[in-house]
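Add chain E to chain Y, keeping to what the hints say.
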Amino acid sequence: MAKGIMIVAEQREGALRKISMELASTARKLADAGGDEVSAVLLGGPGVETLAAELGKYGVDKVFVGEDAALDPYVTEAHAAITAKIIKENDPAVVLFGASVQGKDLSARVAAKLATGLATDCTDVKIDGGKLVCTRPMYAGKCFGEVTFNASPAMASLRPNVFPAAENAKAGAVTKVDAKVDAASIKSKVLEVQKDTSGKVDLTEANVIVSGGRGMKGPEGFGILEELAGVLKGTVGASRAAVDAGWRPQKDQVGQTGKVVSPNLYIACGISGAIQHLAGMSSSKCIAAINKDAEAPIFAKADYGVVDDLFKVVPALTAECKKLVG
Amino acid sequence: MNIIACVKQVPDTEAQIKVKADGSGIDDGQIKWVMNPYDEYGVEEALRLKEKNGGDVTIVCVGPARAMETIRTALAMGADKGVHVSDPALDNADAFVTASALAAVIKGLPHDIIFCGQRAIDDDSGQVGAMLAELLGIPQLTLVTKLEYAGSSVKVIRPIEGAQLSIETALPCVVTAQKGLNEPRYASLPGIMKAKKKPVDVKNAAALGIATEAKAKVAKTIPPPARPPGKIVCGDEPEQKAAELARLLREEAKVI
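Sequence lines, in order, name chains Y and E.
Counting from 1, one number per residue, gives the positions in the first sequence under the working numbering.
Counting from 1, one number per residue, gives the positions in the second sequence under the working numbering.
Excised from the complex, chain Y in its bound form:
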């Protein structure tokens, strides 16, 4: 019978991504409730085994390590084949992935291989009567669904930045698995990885987001938001209006047709709060809004609202924050 919680860890260039620790901690909690074991799948090129100890630190009992040059960098077909093989051989009741770009790409492929169900981008998971129940936003957060499963294993991907990562040391014992990838079965090849050299954290992983909308009046208006984000170690986002006007690149867009984000702090500047924008950011832990229109719908979602000219408030806020955070 299927038993235990398995996570599929994510690493890039020899370092675990933060979501892997969030997965390990969440799995530990779920497992402890039922006296179960937490295992992890860790795939990569030669040497990836060294990351297993870190997973142990966050609550993983057993790490299935697959090393092969064909597993680095990530290629869907190779990772999906080995991940599905490990799941089949070990028959966990629950498998958790990160709802990162890679995790979403991989989890759906693996779920289809195993002909099982998958809940994407979950913001809460629990075991109810021995079965996994997931809560996940739909319509970009305009409503939520409680998902149950009719197939095994129950699979879910967890939204980054939502589940806390807490140290809880377990063995992290390594089991090496045969991860030889049949080269003929791999039809895709990564030709080039072009890194973003700005050093900015991706919106989906940022702790602080400073976002601007139509009220920024033009691309140069975003300069003051960049400064505030710089002081708060945050990332600048934008509304659809600002992106469609060509003021910001598409990857900066927050909303139903952009990125759905859940930072600790979301500062909305000159954003009126169209429903499709609100949908993308309303799961932020704290929302501050700066807008001169007191009737703007964004204020209904905001924990703190400032009704005033953002071109005066934002620079003053930057100066204040500089004093506070040093």
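Honestly, I wouldn't trust all of these hints.
[Said to hold, decoys possible] With a straight-line Cα cutoff of 27 Å, these simulated DSSO-like cross-link-like pairs (lysine-lysine) come out: (1) Lys18(E) / Lys301(Y); (2) Lys126(Y) / Lys170(Y); (3) Lys285(Y) / Lys231(E); (4) Lys220(E) / Lys285(Y); (5) Lys231(E) / Lys233(Y); (6) Lys85(Y) / Lys107(E); (7) Lys107(E) / Lys187(Y); (8) Lys220(E) / Lys131(Y); (9) Lys113(Y) / Lys187(Y); (10) Lys220(E) / Lys259(Y); (11) Lys200(Y) / Lys113(Y); (12) Lys113(Y) / Lys231(E); (13) Lys200(Y) / Lys52(E); (14) Lys18(E) / Lys113(Y); (15) Lys254(E) / Lys312(Y); (16) Lys217(E) / Lys259(Y); (17) Lys312(Y) / Lys301(Y); (18) Lys292(Y) / Lys231(E); (19) Lys113(Y) / Lys126(Y); (20) Lys155(E) / Lys251(Y); (21) Lys155(E) / Lys180(Y); (22) Lys231(E) / Lys254(E); (23) Lys292(Y) / Lys259(Y); (24) Lys187(Y) / Lys217(E); (25) Lys18(E) / Lys220(E); (26) Lys3(Y) / Lys81(E); (27) Lys220(E) / Lys189(Y).
[To be verified] A short list of chain Y residues far from chain E (calculated; beta carbon distances all over 10 Å): (28) Asp36; (29) Ala171; (30) Gly223.
It should be emphasised that the hints constitute simulated quantities derived from the structure, not laboratory data.
Even glycine gets a Cβ: it sits at the ideal position worked out from N, Cα and C.
Leaving out everything else, chain E in the frame of chain Y:
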């Protein structure tokens, strides 16, 4: 080239979503239905490939009777024909069931490249493209923002967190479209007239021989958690308000 574009009909992004009192789903009485925005990028890219390289574009859609409108929209944009999988048994289809239905249709059609939206903006699952690729036994390229066709392969750009990947894949493959791929065209009036005469084949689940029970089921739909009412930050001057906001974020919310 034999090009397939999968489309879904979804509520418009401006739609208010109201949850039914018994939690069995959403109240869809007042909703304006549109083609999923990410699917539009897929249809547009399909049409551009056809215009450059010849061939035809087939639209495949799983959805209730009203979704025929969305198929006609794609035909009006310039696609050649459609397949509509329409069956009440699929009303609660999850991504696996939907992908199974699409795969059953597409297996019977010649296909060099298949487009899907990277996710549908209703259930936000983002699974169907990858599942379809697996069920067809072909590679997937998800979240694509640029595509170059080179005969037997495609080269694409896909953004990941903090980087962009350039990937080459042999055809056939599934491509899921992300915003940025192109700017979808509007249907022209002659296009709309012509679309009415283009063939659309309607199939049910039994004809496709697929199981219709969802593997992952939305057992209950709930409204988003209510946020506690916010505070309007007081002060005479913008500078005072900014100072007070900074204090609240630091001392009360503890987020900076």
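Outcome of the hint check:
At roughly 17 Å between alpha-carbon atoms, Lys18(E) and Lys301(Y) fall within 27 Å of each other, so this suggested pair holds. Proposed proximity of Lys126(Y) and Lys170(Y) is supported: the alpha carbons are some 21 Å apart, at most 27 Å. For the given pair, Lys285(Y) sits about 15 Å from Lys231(E) by alpha-carbon distance, which is consistent with the 27 Å threshold. About 24 Å separates the Cα atoms of Lys220(E) and Lys285(Y), which keeps this hinted pair within 27 Å; it holds.
A threshold of 27 Å between alpha carbons decides the hint, and for Lys231(E) with Lys233(Y) the separation of about 25 Å falls inside it, so the pair holds. Restraint check for Lys85(Y) and Lys107(E): satisfied, since their Cα atoms lie roughly 25 Å apart, inside the 27 Å limit. At roughly 19 Å between alpha-carbon atoms, Lys107(E) and Lys187(Y) fall within 27 Å of each other, so this suggested pair holds. Between Lys220(E) and Lys131(Y), the direct Cα distance comes to roughly 15 Å. Compliance with the 27 Å bound is thereby established for this hinted pair.
Restraint check for Lys113(Y) and Lys187(Y): satisfied, since their Cα atoms lie roughly 17 Å apart, inside the 27 Å limit. Distance restraint check for Lys220(E) and Lys259(Y): the Cα-Cα separation of roughly 25 Å lies within the 27 Å cut-off, and the hinted pair is therefore satisfied. Proposed proximity of Lys200(Y) and Lys113(Y) is contradicted: the alpha carbons are some 35 Å apart, above 27 Å. With a C-alpha separation of about 50 Å, the suggested pair Lys113(Y) and Lys231(E) falls outside the 27 Å cut-off, and the hint is violated.
Among the hinted pairs, Lys200(Y) with Lys52(E) is inconsistent with the structure: their alpha-carbon atoms are about 38 Å apart, more than 27 Å. Straight-line distance between C-alpha atoms of Lys18(E) and Lys113(Y) comes to about 35 Å, which puts the hinted pair past the 27 Å bound. Distance check on the hinted pair: Lys254(E) and Lys312(Y) sit about 24 Å apart at the alpha-carbon level, within 27 Å; holds. Distance hint between Lys217(E) and Lys259(Y) is fulfilled; the C-alpha atoms sit about 24 Å from each other, no more than 27 Å.
Among the hinted pairs, Lys312(Y) with Lys301(Y) is consistent with the structure: their alpha-carbon atoms are about 22 Å apart, no more than 27 Å. A hinted pair counts as satisfied when its Cα atoms are at most 27 Å apart, and Lys292(Y) with Lys231(E) qualifies at roughly 15 Å. Note on Lys113(Y) and Lys126(Y): the hinted pairing holds, with a Cα-Cα distance of about 25 Å set against a maximum of 27 Å. Annotation: proposed proximity of Lys155(E) to Lys251(Y) holds, straight-line Cα distance about 20 Å (limit 27 Å).
Only pairs whose Cα atoms come within 27 Å are accepted, and Lys155(E) paired with Lys180(Y) is accepted, the gap being roughly 26 Å. Simply put, Lys231(E) and Lys254(E) have alpha-carbon atoms about 15 Å apart, close enough for the 27 Å limit, and the pair holds. For the suggested pair Lys292(Y) and Lys259(Y), the alpha carbons sit about 25 Å apart, so the restraint of at most 27 Å is met. For the proposed pair Lys187(Y) and Lys217(E), the alpha carbon gap of about 33 Å is over 27 Å, so the pair is violated.
Simply put, Lys18(E) and Lys220(E) have alpha-carbon atoms about 13 Å apart, close enough for the 27 Å limit, and the pair holds. Taken as a hint, the Lys3(Y) and Lys81(E) pair is broken in the structure, with Cα atoms around 47 Å apart against an allowance of 27 Å. Taking the CA atoms of Lys220(E) and Lys189(Y), the gap is about 41 Å. The hint is violated against a cut of 27 Å. Every CB of chain E lies more than 10 Å from the CB of Asp36(Y), the least distance being 21 Å, so the non-interface label holds.
No Cβ of chain E comes within 10 Å of the Cβ of Ala171(Y); the nearest lies about 30 Å off, and the non-interface call holds. With a closest Cβ-Cβ approach of about 17 Å to chain E, Gly223(Y) is found to remain outside the 10 Å limit, as its non-interface label requires.
Violated hints, in rising order: 11, 12, 13, 14, 24, 26, 27; the structure is consistent with all others.
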